[in-house]
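Colleague: Each chain, letter by letter, is given below.
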Amino acid sequence: MPETAIAVPLERTDARSEPRWVRGLLIGFTILFLTVFIVLPLVIVFAEAFARGAHAYLAALADPEALSAIKLTLIVAVISVGLNLVFGLVAAWAIAKFEFPGKTLLISLVDLPFSVSPVISGLVFVLLFGAQGFLGPWLQDHDIQLLFALPGIALATTFVTFPFVSRALIPLMQEQGTAEEEAALSLGASGLQTFFRVTLPNIKWGLLYGVLLCNARAMGEFGAVSVVSGHIRGETNTMPLLVEILYNEYQFVSAFAIASLLALLALVTLVAKTILERHLDEGQRPSEH
Amino acid sequence: MGLTLTWLAIIVLLPLAGLFLKSFELSFAQFVDIVTSRRTLNALKISFGLAFLAALVNLVMGGIIVWALVRYRFPGRRIFDAIVDVPFALPTAVAGIALTTLFAQNGWLGAPLAELGIKVSFTPLGIFVAMVFIGIPFVVRTVQPVLIDLDPEIEEAAASLGANRWQTVSRVILPSLLPALLTGFALAFARAVGEYGSVIFIAGNLPNVSEIAPLLIVIRLSEFRYADATAIAVVMLVVAFLVIFLVNRMQRWAQLRVPAH
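Here the protein sequences come in this chain order: A and B. The first sequence maps to residues 456 to 744 in this note's numbering. The second sequence maps to residues 31 to 291 in this note's numbering.
The following block holds chain A by itself, in its conformation from the complex (with noise of 0.2 Å):
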């Protein structure tokens, strides 16, 4: 075939690569899928928030019912985001240090909250404390107010975002073994000095990893707070469920507005995750210090 021995010199020989025009095709299915499906539901929130000008921009998002809307959010995202790192963090310790009989099923249930659907998580603590649940009656006789409320706002969210700081950390921990702990303990550090000077500063960059995404996941939270929020509206909407009230009110402008916040908050948290990333890897190569 002498016609294909002078075209192939033309083309990229290499045994690891495509024929220019599969590039081209798959490349060009990349751009196009990401683009429809990704760029252009972001740029349509930016965009339907502006389309009648900064002004209403500003006002929608002074409203008080929006102000009250993120500020219980804010309140909602620190109190899981707390819960989650204290416990995250314990679990990961004795996940990743310790041999026990029944880890593997400690790390499933670890996991859980993400393998279920958030109406679902949501509902649970419906059954549970509902005014038909298990502990509902005794919550009533004892006037505490779960659901509906602050509280179970704050639980459903604390279930769902459960996973994110444990999952962070527990490769980690397991990378670096137990042997610098053991070697601060020999030395004659407390428990807890081993954990502040040794543990925690190797881990600090998963810690803040975890972190990050699991307050994302707590500001963004709809279908478990959804189920337990009861809507009482400047009560116990949160940010989410604020912009689904206004869309299907059609004030456009305002649930927009309110969205491009939850949009930027995601996109801030993709860039420092980007970064942290490049933290994590730097940390695992060995010629690093």
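In short, the hints are calculated from the structure, not lab data. Treat the hints with care, since some could be wrong.
As the list claims (entries may be wrong) - Selected chain B positions facing chain A (in silico; Cβ < 10 Å):
(1) L51
(2) R108
(3) V124
(4) G126
(5) Q135
(6) G137
(7) A141
(8) V199
(9) V239
(10) A243
(11) L251
(12) M266
(13) L267
Note that beta-carbon positions come from the ideal geometry of N, C-alpha and C, so glycine has one too.
Use these hints to put chain B onto chain A, whose structure you have.
Modeller: For chain B alone, coordinates are given in the frame of chain A:
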């Protein structure tokens, strides 16, 4: 230790146990009645069927995307790589209203599609679109590390032994990516089945036509039909558990298949 287990029990196990206990309040016949009622069956069919189709699209498109991102250099590659995670990070309600507006009949994409006679928003096709969106990161992120770590010598060996590029890709590379691809597929499927926020805005939510199972749970709850809501949830949970079980199996299978270097 004790603290961990206690916390886990309170925040994870107790609520789930409550769910199953609640379903035991129903007799088996009642349970079957609820789950096989026309509206519930249709909702389950819509959720599972469309989630399966969306995960298939994610499998194919995710495979193409991860290949392009890892193997090729093109302008904006790093940005496209980073935004693959947007469906993870963007609150689902925001994704929901954005997709609905985009694909509405007067929307940027909805208008040209409408001229072709394709209606997306407020139809089952809309549910499918939202599920594809939410599943994008799974296949890409599970396959990416495997593809990066793939030993180039295997491909070169195949090529030097006379395999053409297509044979190398389909017989050498694809089998070593298969476990990761399947894991990504299963994760995307599980997520799409349970997805609520990004779907309900675009779905139209017509009973028996475009009503997903999670929405039916919410509707039953608002009607105080807790038993109905619980029964649907139990069916969804059991299927979700099966999927996780399969994922773990596939990962173990994958680890066994990888030859020791």
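Colleague: Against this structure, judge whether each hint is valid.
Modeller: Now the hints, each set against the structure:
A distance limit of 10 Å between C-beta atoms decides the matter here; for L51(B) the minimum to chain A is near 7 Å, and the interface restraint holds. Hint status for R108(B) relative to chain A: holds, with the closest Cβ pair at about 9 Å, below 10 Å. Nearest Cβ of chain A to the Cβ of V124(B): about 4 Å, under the 10 Å cut. The hint holds. Hint on G126(B) holds. Least Cβ distance to chain A is approximately 8 Å, under the 10 Å limit.
For Q135(B), the interface hint is violated, since its Cβ never comes within 10 Å of a Cβ in chain A; the closest pair sits about 15 Å apart. At about 8 Å, the closest approach between the beta carbon of G137(B) and any beta carbon in chain A falls short of 10 Å, and the interface hint on this residue holds. Violation of the interface hint for A141(B) is found here, the shortest Cβ-Cβ separation to chain A being roughly 13 Å, above the 10 Å cut-off. Interface hint at V199(B): satisfied, since its Cβ lies 8 Å from the closest Cβ of chain A, which is below the 10 Å cut-off.
Hint on V239(B) is violated. Least Cβ distance to chain A is approximately 20 Å, over the 10 Å limit. Because the beta carbon of A243(B) sits about 8 Å from the nearest beta carbon in chain A, less than 10 Å, this interface hint is met. The criterion of a C-beta within 10 Å of any C-beta in chain A is met by L251(B), whose closest approach is roughly 6 Å, and the hint holds. Checking M266(B) against chain A by beta carbon gives a least distance of about 6 Å; that is within 10 Å, so the hint holds.
Hint status for L267(B) relative to chain A: holds, with the closest Cβ pair at about 6 Å, below 10 Å.
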